[in-house]
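Colleague: Here's the letter readout for the chains.
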Amino acid sequence: MDTKIVRYGLKKAFGYIERNPEENLPRLMDWVDRFAPEGDRGFPVQRAAFRQVIEDPDCAMHRLMYRIFTETDKDVLKAVFENFIVNGNLVGWPRQEELREQYGCNIPWAILLDPTSACNLHCTGCWAAEYGSRLNLSFDEIDSIITQGKELGVYIYIYTGGEPLVRRDDLIALCRKHSDCQFLCFTNATLIDEGFADAMLSVKNFIPAISVEGFESATDSRRGAGTYRKVVDAMALLKRKKLPFGISSCYTSQNFESISSDEYFDQMVEWGASFVWYFHYMPVGNAAVPELLPTPEQREYMYRRIRAARREKAIFAMDFQNDGEFVQGCIAGGRRYFHINANGDCDPCVFIHYSNANIRDMSLLDVLRSPIFMAYHDGQPFNGNHLMPCPMLENPHKLQEMVEKSGAHSTDLESPESAEHLCEKCSEYARNWAPAAERLWQCSCREKQERQAENNAESYSAAV
Amino acid sequence: MRQSTKEAIAEAFEGLLEKRSIDKVTVKDIVAVCGINRQTFYYHFRDIYDLMEWALTKGIEKYAGQHLTAEQDWREQVKLLFHFFYLHRKIVLHGYDATNRMQYERVAVKWVSEMVGGRIEAYPQAADVSEEKKEFISTVYARGCVGFLLEWVEEGMPDERHVRLDDYFVMIDGSIGYVLDKFVKS
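Those protein sequence lines, which keep their order, are chains A and B.
Under this note's numbering, the first residue of the first sequence is numbered 1, with each subsequent residue one higher.
Under this note's numbering, the first residue of the second sequence is numbered 1001, with each subsequent residue one higher.
Chain B extracted, bound-state conformation (with noise of 0.2 angstroms):
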């Protein structure tokens, strides 16, 4: 199947940021490793930070779509964006730059509250709590875990072990069933 231009960006885009970190990465060089004209980068991106906002949402689905079963547990689901991280961490290191934390925080977000989401339903009471509470908690859950994230990538991403998931994951695990009585519709 031929590439999309979209696709072929954000590969240039990766293969520069191997090389070098975000601030120093312009549109100009991208267009020029992918031989294609600036307006055409701008059909499609509104900025570098976009792009890199698409590239790595991209890339986790691409990830998961690899790696994610049914069968899996969300605990396993959570670390697998860990992994992810962790395995593309020159990129990552390169492209998180204070200015654009805000699009790290929002992707891995939206991925973890997916994953408390998916853990949430399996409670019996669910059923019985409206949708804007399930969402307000696995964002509150979600938010306590990119919050590890972030600090674990601004500490320069050592041994994922460093972060204490598995406390983390006693304490929602704990919780949930919790919360789920105080919200259930009266």
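Same shape as in the complex, but just chain A (with noise of 0.2 angstroms):
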């Protein structure tokens, strides 16, 4: 299909759009459908989701949905439309499937980078502190992997850090010259002002992803006092300005009820959120505490409760570690993506920071055919359980495996924690949530069948 055809189409979808988005939206999704490839490379399942939420009004989605197309403004929705979607996914995904092919190795579908490893916050337990402030990936470097990474068919880059914004000129300047990509970015949010914003407007292609602990006191007391305050202000600002943002939260034993809570989903929505991602906290690092871990009680509780906020919040709520059913399990080693450290060593995810592979010794799809990356290729998915998805958290003794098979160093420059050290702090954790993730991991393979079975009646009697 010719790219050129793609974006005449997408701009008069779009002009339609602007004028009457509860109209014409499902006559976009008319066109995706006829443009997408023909089997499972055009996201049958996703597009039929989307389709649902665009019919049903009262569904939290489609409230979400209509919230961005009359609170965004539309040259930024039109790129990210455009960049996301079109590129990302309708033009990228056949790309790289065909080098997967090709190559026999992981090509990913986003490349997560630090930009640097400087912060001017210092968080307690932020593993961005142990790689020092001193490291930087240069404009030239960034540019490369951006330029080799297009080659490969990838069109979405994620910042994250340190903290991105310390260099926020080299990141509005690749943004610009970059003009096809998406970048998000993982950020505190308190360098966020007027000017930036106002940047933002100008490139169109950046979505800051903003890390918030909770409430006040929650944030305040981890990040430093006064902190809440300065991301509630850029959060205000970027909805005055229209700009798309979304928000990222760790959860731990601490924290987990009061993120997860009604009032803070809430809270979220009135900020003008889009998104929320949750992380599970990992005890990466020689100074992390396992005490920090959530229990298997605790983990379900998030399970059960991001899940219901899908069905009643209008913001679209990922949850890294419990939503692996999705991607069928772990999605890291260059499966979908890969972190790219300030020091330029590439890690297969950004959680596990084991390597033979940097980005100043070799070429992008190089570092996806090095040996920690292969195997991670060749033993993914990790567990058939994909609420089991990680070879680090759920299942310690496969990296353990990977790493002393690969010859992978440590690339934590601070403080190299060995694998043995890191995956002993798992492995309690993995014996416990076992048991709790296989009645979870029955309960909606169960659900799921009962779906397909409705569905499957349903083309029945629509048949006869």
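By construction, these hints were calculated from the structure, which means they are not laboratory data.
A couple of the hints might just be wrong.
Stated by the list, open to error - Okay, derived cross-link-like pairs now, BS3-like style, lysine-lysine, Cα gap no bigger than 27 angstroms in a straight line:
id, chain 1, residue 1, chain 2, residue 2
1, B, Lys-1134, A, Lys-12
2, A, Lys-12, B, Lys-1006
3, A, Lys-74, B, Lys-1024
4, B, Lys-1006, A, Lys-241
5, B, Lys-1090, A, Lys-74
6, B, Lys-1134, B, Lys-1090
Remember, it's a predicted structure, so these values are computed and weren't measured experimentally.
Grab the two chains, each in its own frame, and use the hints to assemble them into the complex.
Modeller: Listed below in structure tokens is the structure:
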């Protein structure tokens, strides 16, 4: 499919939506259906789900979508649609599939990278602090990563750190240069000011995911006094400028209840966030404490809370650890993403700091074919139960094996941690979680079968 | 007043275009001339063509600011665009190639359709015609004119009298009233 034609059609489709989203979104969906590649490559399941959302005005996702359509700058929305949906998936995915076949290795859908290890805050327990503050990927290095990435069909780049916005001018320059890519950025939001918001409006392809620890006392006690106020002000600014943004939250044994409460979900919607990305606390690093790991009961609580929020709240909630069923388990090691730190080391996962590859020594494709990435490729999925997706947290012996077999070294520059030490912290957790995971997994499989049967019956009665 | 970075980049770019064609100008050359680094270039512009469009728009705006007056006839305003191109002949010819025809077209269409738009408003029927229709009329006329402009550029910009602007004016002036009558809201 010629991308020029796709783009032309897109421009047309957006013209319609702008006039009347309620009426014309279904028409856009017709268009997407017509041009999507056939079979699995065209995301038939995702498209069907999207269509359902478009057509049911009472559903929470429907409310979210119309909120996004009415509260987002139109040009930004258009850029997100074009870069994220068209380039990132409809154009990028077939290319990724082709290369997976050709090279027999993982080809990612997104690349996470740390522009800098520096941060303007010093939060308790942050693993970014381990890296120290002097490391940076230069503009030219990031530029080269993105240029190589596009060759592989990768159009989605996610900045982590460190605080990426310490390098905000370079990030804006990269957004402008690679205007066909979608950029996301984990940030503490304290560096977002009027000038930066205007720059975001001018490039249109930069979406922040703001770290919030919950309400004021929780955030300030971890991130420093006054931080909460600054973060709330930044979100108000983004909302006023009609810029889309999300929230990222890490759940621990200490905060899991407050950051999954009804009040908190409603607060996030009020702030104007379109999505919230939950991360399970990971005991990574020599100094990390296993006590913050959620217990099986706590993790199950989050599992249920986030699934309930998806039905009820007008915000798109994702759970990095509990959503394996939607992506067939672990997505790291380049299967859907990998991580490049500020020293150029290529980690299979943002949480797994073992590698044999540095982007300063080799091409992106060679990184993906390096020993530990191939070990991921050959080992995935690490567990048939997608509620136990991780080779570290739920299957710690797997990571230890892969690190030993591949000869990968720790990329933690401050205090290298051995795989044994890391995995030992997880083994008890893994043992405790397994029974709950089994039970939940069977429930979710049964539900899926029932839904399937229902659908079959429906299509049968429709056919008759 | 201190010159903005964007203006400094555009000036360096135009200086290079005096000497060679756009396909021989690189971001590296431009940043070397203004003594900035590559990322600063990309902070302001997506690529050289983005810069070219910006420089062209700025140049025309500046020229118009100096020469455009309220009393001027719309024909003279359109001619001004041709004069501007003629005066900057060397840069325009060095800057024009198959890949950036679109940028030239966009800038010129915007200019001419504003001029024609002003002319349309002078007609009494204009108040009864929808904005959408008026925009359509001025775009059609502007495209006609810009077609001539670009053809002229492609021929290497001989004396601007080669463009049959006067005939074009006669045709448009005579037909605006007719089209507006047809488009009056019923």
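Colleague: Hints first: check each against the structure and report whether it holds.
Modeller: Hint-by-hint comparison with the structure:
| no. | hint | verdict |
| --- | --- | --- |
| 1 | Lys-1134/B / Lys-12/A | 21 angstroms, holds |
| 2 | Lys-12/A / Lys-1006/B | 32 angstroms, violated |
| 3 | Lys-74/A / Lys-1024/B | 36 angstroms, violated |
| 4 | Lys-1006/B / Lys-241/A | 24 angstroms, holds |
| 5 | Lys-1090/B / Lys-74/A | 39 angstroms, violated |
| 6 | Lys-1134/B / Lys-1090/B | 35 angstroms, violated |
The structure fails to meet hints 2, 3, 5 and 6 from the earlier list, while all remaining hints are met.
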